[in-house]
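J.: Full structure from sequences and hints, please.
Each step along the sequence shown adds one to the number in my numbering, with nothing skipped, and position 500 is 544.
One or more hints might be untrue.
[As the list claims (entries may be wrong)] Beta-carbon label-pair distances, calculated as ranges:
(1) A73 x R93: 24 to 30 Å
(2) G174 x A73: 20 to 26 Å
(3) A465 x R93: 37 to 43 Å
(4) P340 x R93: 37 to 43 Å
[Stated by the list, open to error] Heads up, simulated DMTMM-like pairs for lysine to aspartate or glutamate below, C-alpha to C-alpha not over 20 Å straight-line:
(5) K406 x E345
(6) K410 x D265
(7) K394 x D574
(8) K426 x D397
(9) K83 x D98
(10) K440 x D397
(11) K578 x D517
(12) K105 x D76
(13) K83 x E409
(14) K440 x E519
(15) K426 x E393
(16) K105 x E79
(17) K406 x E393
(18) K426 x E618
(19) K410 x D124
(20) K578 x E518
(21) K426 x D525
(22) K410 x D89
(23) K426 x E276
(24) K410 x D205
(25) K261 x D243
(26) K261 x D251
(27) K304 x D463
(28) K83 x E618
(29) K304 x E393
(30) K105 x D124
(31) K440 x D525
(32) K440 x E393
(33) K261 x E272
These are calculated hints, taken from the structure and not from any lab test.
Where is the CB? At the ideal position from N, CA and C, for every residue including glycine.
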Amino acid sequence: MAESTSLLFNPRTYDPAHFDPETRRLLRATVDWFEARGKRRLIQDYRSRVWLADFLEFAAKEELFATFLPPASAAAGDGDRRWDTARIAALNEIFGFYGLDYWYAWQVTVLGLGPVWQSDNADARERAAGLLAQGEVFAFGLSERTHGADIYSTDMLLEPDADVPGGFRATGSKYYIGNGNAAGLVSVFGRRTDVEGPDGYVFFAADSRHPAYHLRKNVVDSSKFVSEFHLEDYPVAPADVLHTGRAAFDAALNTVNVGKFNLCTASIGICEHAMYEAVTHATNRILYGRPVTAFPHVRRELTDAYVRLVGMKLFSDRAVDYFRSAGPDDRRYLLFNPMTKMKVTTEGEKVIDLMWDVIAAKGFEKDTYFAQAAVEIRGLPKLEGTVHVNLALILKFLRNHLLDPVDHPPVPTRLDAADDAFLFRQGPARGLGSVRFHDWRTAFDAYAEVPNVARFREQADALCAFVETSAPDEEQSRDLDLLLAVGQLFALVVHGQLILEQARLTGLDEELLDELFAVLVRDFSAHAVDLHGKDSATEAQQEWALGAVRRPVVDTARSTRIWERVEALAGAYEMAP
Numbered sequence: 045m046a047e048s049t050s051l052l053f054n055p056r057t058y059d060p061a062h063f064d065p066e067t068r069r070l071l072r073a074t075v076d077w078f079e080a081r082g083k084r085r086l087i088q089d090y091r092s093r094v095w096l097a098d099f100l101e102f103a104a105k106e107e108l109f110a111t112f113l114p115p116a117s118a119a120a121g122d123g124d125r126r127w128d129t130a131r132i133a134a135l136n137e138i139f140g141f142y143g144l145d146y147w148y149a150w151q152v153t154v155l156g157l158g159p160v161w162q163s164d165n166a167d168a169r170e171r172a173a174g175l176l177a178q179g180e181v182f183a184f185g186l187s188e189r190t191h192g193a194d195i196y197s198t199d200m201l202l203e204p205d206a207d208v209p210g211g212f213r214a215t216g217s218k219y220y221i222g223n224g225n226a227a228g229l230v231s232v233f234g235r236r237t238d239v240e241g242p243d244g245y246v247f248f249a250a251d252s253r254h255p256a257y258h259l260r261k262n263v264v265d266s267s268k269f270v271s272e273f274h275l276e277d278y279p280v281a282p283a284d285v286l287h288t289g290r291a292a293f294d295a296a297l298n299t300v301n302v303g304k305f306n307l308c309t310a311s312i313g314i315c316e317h318a319m320y321e322a323v324t325h326a327t328n329r330i331l332y333g334r335p336v337t338a339f340p341h342v343r344r345e346l347t348d349a350y351v352r353l354v355g356m357k358l359f360s361d362r363a364v365d366y367f368r369s370a371g372p373d374d375r376r377y378l379l380f381n382p383m384t385k386m387k388v389t390t391e392g393e394k395v396i397d398l399m400w401d402v403i404a405a406k407g408f409e410k411d412t413y414f415a416q417a418a419v420e421i422r423g424l425p426k427l428e429g430t431v432h433v434n435l436a437l438i439l440k441f442l443r444n445h446l447l448d449p450v451d452h453p454p455v456p457t458r459l460d461a462a463d464d465a466f467l468f469r470q471g472p473a474r475g476l477g478s479v480r481f482h483d484w485r486t487a488f489d490a491y492a493e494v495p496n497v498a499r500f501r502e503q504a505d506a507l508c509a510f511v512e513t514s515a516p517d518e519e520q521s522r523d524l525d526l527l528l529a530v531g532q533l534f535a536l537v538v539h540g541q542l543i544l545e546q547a548r549l550t551g552l553d554e555e556l557l558d559e560l561f562a563v564l565v566r567d568f569s570a571h572a573v574d575l576h577g578k579d580s581a582t583e584a585q586q587e588w589a590l591g592a593v594r595r596p597v598v599d600t601a602r603s604t605r606i607w608e609r610v611e612a613l614a615g616a617y618e619m620a621p
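T.: Structure below.
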């Protein structure tokens with residue numbers, strides 16, 4: 045059992061020994077708080093949609109957010125307080141494991157802090173650090189009801205304040221703003237009425253308790269408080285201004301680069317908890333005189349779910365290393381970020397669906413975690429930019445990544461207790477086409493003897509040939525439906541690459557890797573068939589698509605041994621009542 049469960053988060057055995065003592069204490073304290081609370085209370089709070097006051101009280105008492113969320117530059121010399129993407133990812137996974145409501149309150153605090161930590165406004169940074177120390181939460185006031193996150197079209201208007209030099213009066217509404225009911229500081233994006241174009245953008249700090257801040261409603265039926273609020277003649281003092289002009293625009297996008305990475309590890313946590321429940325139920329369920337898990341299709345679905353989840357973890361863990369090692373001359377994280385937002389979270393949906401097909405009606409029962417997991421897993425690919433938006437972003441890197449590699453120093457595993465300072469000085473949010481990558485083939489070459497890695501490599505090489513000989517022409521480039529199909533194929537190559545890199549760094553056994561890549565071979569074939577059927581696909585593209593279809597290398601004995609690992613998850617964890 046130890047081998048199969050060691051790859052998944054298990055509160056019974058969790059010991060984050062790879063972190064420093066204070067990080068270990070806080071992560072373990074968080075797990076213990078949830079476990080002491082128990083499953084019955086967890087589900088009750090989820091269904092009654094109560095605000096998370098007691099959770100935030102715990103976080104304030106332990107100084108959890110105050111330790112994990114300031115960069116070292118705002119930590120007043122406290123070495124335990126730093127922006128450390130590795131431990132932030134670990135906490136995301138824990139929050140996802142126990143419920144997305146808890147993760148969401150933390151996540152929008154991360155986003156609300158992004159424009160502050162990027163700002164040169166020392167007063168605002170000091171104020172934010174003080175609010176964190178008091179246990180306050182934060183909010184990110186970007187989206188609007190009419191325009192969504194289209195920041196070019198913001199209707200939050202700032203008029204110069206004749207009575208306050210350098211100050212403004214802000215009027216306008218924001219929509220889909222998490223923590224908008226309680227945030228001590230809301231980072232709000234708007235534009236000046238007296239300046240045209242991008243020079244008129246402003247990011248400013250607002251307080252949800254101010255009389256000119258009008259909370260209208262929670263727009264979702266959930267403990268998550270996803271607010272609509274309206275500012276009416278809200279006074280914005282010079283000390284409240286975080287960014288102006290193009291820097292405000294860059295701060296918005298760079299905050300997304302940092303904060304939206306958290307979606308992947310939340311998705312992983314959800315899937316892990318649901319998997320323990322699903323495998324335990326299926327193993328104990330007798331149907332037609334046999335355990336449900338005796339049926340071949342059930343074993344296949346649960347095995348596929350397990351290896352997909354392992355792939356999600358491998359990819360996300362490796363992406364952390366690229367975030368932490370990023371700098372002005374290495375911005376590869378800008379590809380791996382939309383990959384985690386799109387690919388890892390949609391893999392999470394597949395994992396839940398595969399398990400749900402097995403446990404069927406059990407997945408609806410009100411006393412299961414699975415019932416809420418099945419709902420919450422849907423939200424992550426649709427938050428912070430849809431799958432389509434992230435796929436379109438991923439496509440910007442396709443040619444450089446596949447066809448034009450450069451030398452980069454190897455990126456090591458980054459679990460060290462360091463401050464990831466570059467994430468708050470990323471610079472202008474443009475130039476994606478100039479980002480260069482190391483050779484993706486190196487990761488595949490290291491596992492050339494693994495049958496399904498080799499089979500997938502054939503498909504990846506075929507994609508390179510497609511880009512060189514049959515890529516969409518200028519007219520097809522306006523057909524986003526076709527381009528997104530190409531994007532799915534490219535995303536699979538990137539997904540496979542980082543999985544292999546992490547497998548090499550962690551010594552993952554090749555048998556498990558072979559089973560995982562059998563799934564990826566099937567996925568690539570399915571997306572190739574999808575491309576074949578697109579309305580505007582040319583004859584050459586259709587021919588290429590069918591030629592890229594491959595059958596995975598089947599090894600019944602291997603699949604049986606991987607199934608035995610999945611079966612060992614039965615009873616490995618159940619949350620305390």
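J.: Against each hint, give a clear statement of whether it holds in the structure.
T.: Hints, one by one, checked against the model:
Remark: the range hint 24 to 30 Å for A73 to R93 is upheld by a beta-carbon distance near 26 Å. Restraint check, G174 to A73: a C-beta distance of roughly 23 Å satisfies the suggested window 20 to 26 Å. Distance hint check: the CB atoms of A465 and R93 are about 38 Å apart, consistent with the given range 37 to 43 Å. For P340 and R93, the hinted distance range of 37 to 43 Å is satisfied, since their beta carbons lie about 41 Å from each other.
Straight-line distance between C-alpha atoms of K406 and E345 comes to about 16 Å, which keeps the hinted pair within the 20 Å bound. A distance of roughly 17 Å separates the Cα atoms of K410 and D265; the hinted pair therefore holds under the 20 Å criterion. Distance check on the hinted pair: K394 and D574 sit about 17 Å apart at the alpha-carbon level, within 20 Å; holds. For the suggested pair K426 and D397, the alpha carbons sit about 16 Å apart, so the restraint of at most 20 Å is met.
Between the alpha carbons of K83 and D98 the distance comes to roughly 16 Å, so the proposed pair stays at or under 20 Å and holds. At most 20 Å may separate the alpha-carbon atoms for a hinted pair to count; K440 and D397 exceed this at roughly 30 Å. Of the pairs offered as hints, the one joining K578 and D517 holds, with about 15 Å between alpha carbons and a cut-off of 20 Å not exceeded. With a C-alpha separation of about 14 Å, the suggested pairing of K105 with D76 holds against the 20 Å cut-off.
Distance check on the hinted pair: K83 and E409 sit about 14 Å apart at the alpha-carbon level, within 20 Å; holds. Between the alpha carbons of K440 and E519 the distance comes to roughly 17 Å, so the proposed pair stays at or under 20 Å and holds. This hinted pair checks out: K426 and E393 have alpha carbons roughly 11 Å apart, not beyond 20 Å. Between the alpha carbons of K105 and E79 the distance comes to roughly 17 Å, so the proposed pair stays at or under 20 Å and holds.
A distance of roughly 17 Å separates the Cα atoms of K406 and E393; the hinted pair therefore holds under the 20 Å criterion. Straight-line distance between C-alpha atoms of K426 and E618 comes to about 29 Å, which puts the hinted pair past the 20 Å bound. This hinted pair does not check out: K410 and D124 have alpha carbons roughly 40 Å apart, beyond 20 Å. About 16 Å separates the Cα atoms of K578 and E518, which keeps this hinted pair within 20 Å; it holds.
For the hint pairing K426 with D525, the CA-to-CA distance comes to about 18 Å; that is within 20 Å, so the pair holds. A threshold of 20 Å between alpha carbons decides the hint, and for K410 with D89 the separation of about 12 Å falls inside it, so the pair holds. With a C-alpha separation of about 30 Å, the suggested pairing of K426 with E276 is violated against the 20 Å cut-off. Distance hint between K410 and D205 is unfulfilled; the C-alpha atoms sit about 54 Å from each other, more than 20 Å.
In summary, the hint linking K261 to D243 is not supported, as the alpha carbons are separated by about 32 Å, beyond the 20 Å threshold. Distance hint between K261 and D251 is fulfilled; the C-alpha atoms sit about 17 Å from each other, no more than 20 Å. For a cut-off of 20 Å, the pair hint linking K304 to D463 stands: about 19 Å separates their Cα positions. In summary, the hint linking K83 to E618 is supported, as the alpha carbons are separated by about 9 Å, within the 20 Å threshold.
With a C-alpha separation of about 17 Å, the suggested pairing of K304 with E393 holds against the 20 Å cut-off. Distance hint between K105 and D124 is fulfilled; the C-alpha atoms sit about 16 Å from each other, no more than 20 Å. In summary, the hint linking K440 to D525 is supported, as the alpha carbons are separated by about 15 Å, within the 20 Å threshold. Under the criterion of a C-alpha separation no larger than 20 Å, the hint pairing K440 with E393 is inconsistent with the structure, at around 25 Å.
Distance hint between K261 and E272 is fulfilled; the C-alpha atoms sit about 6 Å from each other, no more than 20 Å.
Consistency note: the structure conflicts with the earlier hints numbered 10, 18, 19, 23, 24, 25 and 32.
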